[in-house]
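A.B. asks: The hints should help you fit chains B and C onto chain A, whose structure is shown.
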Amino acid sequence: MRRLIALISVVLLSMMIPGGLSASQVWPEARPVSIVVPFAAGGGTDIIARQIQRAIQRFTEAPIVIRNMPGAGSGIGTNEVLRAKPDGHTLLLSGTHTVTATLQGLTAGSIIQLDHIASLNWDPFVIAVLDAAPYKTLQELVDAGRQAPGKITIGHAGVGALTHLTAEALNKAAGGPWTVVPFEGGARLIAGVLGNVVTSGVFSQSEVQAQAGRLRPLAVTSLRRTTLFPATPTTTELGFTNIPQGSFRAISGPKGIPMEVRRAIASSVARAMNDPHWIQYARESGLVKTYMANEELERYFAVLTLDLSKLLRQVGLMK
Amino acid sequence: MTRSSRLAVAAFIAAFALLALLLAGQIPSRHVKGDPGPQALPIAVAALVLIGAVAAMIGETRPRSSGAEPWQQALGIGAGTVAFLLLLPVLGFVISAALFLIGASLYLDSRRRIGPATRLLTGVGFPLALWWIFSRLLDVSLPRGLMGF
Amino acid sequence: MEPLLQGLAFVLQPTTLLWIVVGDIVGIFIGALPGLTATMGLALFLPVTIQIDSLTAISLLLGLYFGAVTGASIPAVLFGIPGNPNAIATVFDGLPMARKGQAGIALGGAVIASFIGGLMSTAALLAASPALARFSLLFGPAEYFSLAVASLTIIASVSGSSLLRGVVMGAIGVLLATVGIDTMTGVRRFTFDNPFLASGIGLVPVLIGMFGITQALDDAARSRDLHQIVTQQLGRLFPSLRQLLGMWRIILESSWIGTFIGLLPGAGASVAVVLAYERAKQISPRPEEFGTGRLEGVIAPEVANNACIGGGLIPTFTLALPAEAAAVPILAALVIHGVTPGPLLFTSQPHFIYAIIFAMIVANVTTCIFQLGGIRVFIKALSVPPTLMPPLVILLSVLGAYALNGWMYDAVVAVAAGILGFILKRAGYPLIPLILGLVLGPMMESEFRRMMIITGGDMTVFVTRPLSLLLLAAGAGSLIRQLVHQRRLAQRGAVSP
Chain A
1 MRRLIALISV
11 VLLSMMIPGG
21 LSASQVWPEA
31 RPVSIVVPFA
41 AGGGTDIIAR
51 QIQRAIQRFT
61 EAPIVIRNMP
71 GAGSGIGTNE
81 VLRAKPDGHT
91 LLLSGTHTVT
101 ATLQGLTAGS
111 IIQLDHIASL
121 NWDPFVIAVL
131 DAAPYKTLQE
141 LVDAGRQAPG
151 KITIGHAGVG
161 ALTHLTAEAL
171 NKAAGGPWTV
181 VPFEGGARLI
191 AGVLGNVVTS
201 GVFSQSEVQA
211 QAGRLRPLAV
221 TSLRRTTLFP
231 ATPTTTELGF
241 TNIPQGSFRA
251 ISGPKGIPME
261 VRRAIASSVA
271 RAMNDPHWIQ
281 YARESGLVKT
291 YMANEELERY
301 FAVLTLDLSK
311 LLRQVGLMK
Chain B
1 MTRSSRLAVA
11 AFIAAFALLA
21 LLLAGQIPSR
31 HVKGDPGPQA
41 LPIAVAALVL
51 IGAVAAMIGE
61 TRPRSSGAEP
71 WQQALGIGAG
81 TVAFLLLLPV
91 LGFVISAALF
101 LIGASLYLDS
111 RRRIGPATRL
121 LTGVGFPLAL
131 WWIFSRLLDV
141 SLPRGLMGF
Chain C
1 MEPLLQGLAF
11 VLQPTTLLWI
21 VVGDIVGIFI
31 GALPGLTATM
41 GLALFLPVTI
51 QIDSLTAISL
61 LLGLYFGAVT
71 GASIPAVLFG
81 IPGNPNAIAT
91 VFDGLPMARK
101 GQAGIALGGA
111 VIASFIGGLM
121 STAALLAASP
131 ALARFSLLFG
141 PAEYFSLAVA
151 SLTIIASVSG
161 SSLLRGVVMG
171 AIGVLLATVG
181 IDTMTGVRRF
191 TFDNPFLASG
201 IGLVPVLIGM
211 FGITQALDDA
221 ARSRDLHQIV
231 TQQLGRLFPS
241 LRQLLGMWRI
251 ILESSWIGTF
261 IGLLPGAGAS
271 VAVVLAYERA
281 KQISPRPEEF
291 GTGRLEGVIA
301 PEVANNACIG
311 GGLIPTFTLA
321 LPAEAAAVPI
331 LAALVIHGVT
341 PGPLLFTSQP
351 HFIYAIIFAM
361 IVANVTTCIF
371 QLGGIRVFIK
381 ALSVPPTLMP
391 PLVILLSVLG
401 AYALNGWMYD
411 AVVAVAAGIL
421 GFILKRAGYP
431 LIPLILGLVL
441 GPMMESEFRR
451 MMIITGGDMT
461 VFVTRPLSLL
471 LLAAGAGSLI
481 RQLVHQRRLA
491 QRGAVSP
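Protein chains in written order, with my numbering: chain A, 1 to 319; chain B, 1 to 149; chain C, 1 to 497.
Calculated directly from the structure, the hints in this document are not laboratory data.
Glycine included, C-beta positions come from ideal geometry on N, C-alpha and C.
Heads up, some of the hints might be wrong.
[To be verified] Distance condition first, Cα-Cα at most 30 angstroms in a straight line; then the derived DSS-like pairs of lysine-lysine:
hint: 1; chain 1: A; residue 1: K151; chain 2: A; residue 2: K136
hint: 2; chain 1: A; residue 1: K151; chain 2: A; residue 2: K172
hint: 3; chain 1: A; residue 1: K136; chain 2: A; residue 2: K255
hint: 4; chain 1: A; residue 1: K255; chain 2: A; residue 2: K151
hint: 5; chain 1: A; residue 1: K289; chain 2: A; residue 2: K310
hint: 6; chain 1: A; residue 1: K136; chain 2: B; residue 2: K33
hint: 7; chain 1: C; residue 1: K380; chain 2: C; residue 2: K425
hint: 8; chain 1: A; residue 1: K151; chain 2: B; residue 2: K33
hint: 9; chain 1: A; residue 1: K310; chain 2: B; residue 2: K33
hint: 10; chain 1: C; residue 1: K380; chain 2: C; residue 2: K100
hint: 11; chain 1: A; residue 1: K172; chain 2: B; residue 2: K33
hint: 12; chain 1: A; residue 1: K172; chain 2: A; residue 2: K255
[Said to hold, decoys possible] Beyond 10 angstroms from chain A on every Cβ pair, some chain C residues (computed):
hint: 13; residue: L331
hint: 14; residue: V335
hint: 15; residue: I336
hint: 16; residue: I361
hint: 17; residue: L372
hint: 18; residue: T464
Next comes chain A alone, as it looks inside the complex (with noise of 0.2 angstroms):
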């Protein structure tokens, strides 16, 4: 008898613990966790999204893994994920490429249809001329489309992408002085400023650090003025309005993910940014902490859906 309870114990003991174990780590069960990035590998978001994987999977067992699924201006990606089951294994890497998608009606659902659970970074974007180039601030470059219709050109590195709507709303803020220019992509733009096609364009941080003494960055599109570029203004202190403040990143997944994986895996990233690689690796490409979990970030999604439809409309990307 004794022997059929230490039997019987044993049986439910085994029985309890990966029960036990379930209900203490909520997220992730062990299995992969895929986070889908809806660009090519090797690119921007892609590096940062490798980077945030690797500070998770170090306290963590279950792999993560990183999907890339370019295509369609992030929308194939967003596709993928919201067709999945909500159960916290199929994550995307989100943010304002995730907004303009959807509201360019490249996905098939709307960015409500997602659930976003925490938020890695702002990535402002700086406007820069060549170094070489007689405008030494963003004044005089105004100034000098006002006084030369059609001279003074603006590039962006891709049509309804957000460096492109952040140049457009420049454009407009300031009275329409410039010619907006589409590239394809950040490398052709910076050699197109390089070489003179274009007079200016807009770029992330970490391109005009890069390219230090031959670019000269005239403003920054953050609200504050940034580590990496303390001695040049903000669009704000320059008195233009209704600027994108650059590339926002987060990781959502689709709807209906239970609330307390969401928490889970909302304490992981916020844990992940605590990694002491991330932070350097933060800090040396200018990106902005933000952290915002859950419903706090469902609101600023709202907030940015909102502000950017009013550019998307203006631009002629949205009906």
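C.D. replies: Chains B and C only, in chain A's frame:
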């Protein structure tokens, strides 16, 4: 190919170009100063294809000697490939690839030169090996199908 | 002299050599698997490199890069399925060579060519980086456009006997390339509200279809005649020195085409290999035999794609400007390790640059050794029974197209291109011009329109910018020369039947 089938191909290209031309005409124009717009090139190129295809059709009306080439089995394999594509999302990579390999090789090997054991081994082993290399080794996900692999 | 020795000493350390070799082998493997690109491999390995020091990390990535670009020629020659965009033009003559029993020399020639191209661009990187980088910046939209127009003109003029069909196919390629979101205005063209069509029709899926699947269908149709496997001549895996010397001009021009196109951001290896192939065709005394299995047709693109690596690294190191997609992870590796790329890198840290140069040389040599060593093994793949070969090739094609982005859509494009390619080929339409149109069409259109937006519609800019004028003149010159040449051939043909 026979003359009539060559004529049919040229006519097919012409029809395709005509359709493209009609659709290109419906591309919305968005005016940016100086830019000829998004419809300009598609219209020009579709028209070029149309003219070229019509010229090719006229060329085909002249008789030309042509050797008959076998094509029937390509039809079978082409149909098999389409079936394979349709099955991929349902059965997943491993099963549909095995079915396709075994089926297609049976179809082509009417005289059964390959033994059933070899056929089964390559038909199942090859997809499994590829699946292992891509999904396990390199984290490139393959179509998973309803059963999960 | 001292930094030179420091650099050499660094690369000759056993651990560095080991990492380069690891990178090479993984690279060749990734390159040889259809649908996996060098960029993908580099992105996979980038996080790994954080733990090792910056030079070792760069050496590993360079080994992987050279390996992946060179390895892509293996499936291109054997099955007509390029591993990645670097090998698209290798298919044109590589596959016909394998069909003639010359897979060995095609693969061996590809390796030797890659080796030469790699070394040539490394030399350019060493000797003239700052100057070349400055020169690349002279290339604006007008120059890109003129380059595309000149190339298309050359292609049309070399199309030979089936000029009409060549033009039709080239135009279809340009037309297919317009599918998707217009990069100038964001207007969607021929997309029918489908997000995949909005991303356009991929070059690699179309190529995999039109070469891999088309050839498999053709084989399937003939399988009753193909009782015998094509016997592969394995006596020689190398082109002889005399053959190589005979191709000196093609090798030299392909090297500089590769290096130069590599310098230009956004143009990419696919443009470089296509231009090198067409230039080789133009130089060759027998242009009409291109596409039927000429060794030059394999050598030219393979020299160019490896030359593209060195070319692409020049603006990466001197201007922090990743001209090739694959250079983005390499730039990231530099930045992660606190190395600031720029012209100063060459003067302030010369040992660093020398170490990189030596790492490139070692990577070239080891890639060459490993891939040559493997040729006899790779060729075994062709001894598959003829009735099993077509289904296997189709399977690999579908897999390769799918693996590119993880889309069923690309697999569908490949199969559709394969079936249409089979029909078109049987009706006498050349397939290569369609691929060329697909590569060069987007460049021609978007650069023209970008220039028009900048100038407000002033078209004179194409002839007032000297480089642009030069390119257009070169295109026109080659067109005239070819027309005269063909006329002469036609007259001779009319006299002696």
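A.B. asks: State the violated hints by number, sorted upward, taking the hints as numbered earlier in the document.
C.D. replies: Hints 3, 4, 12, 13, 14, 15 contradicted; others consistent.
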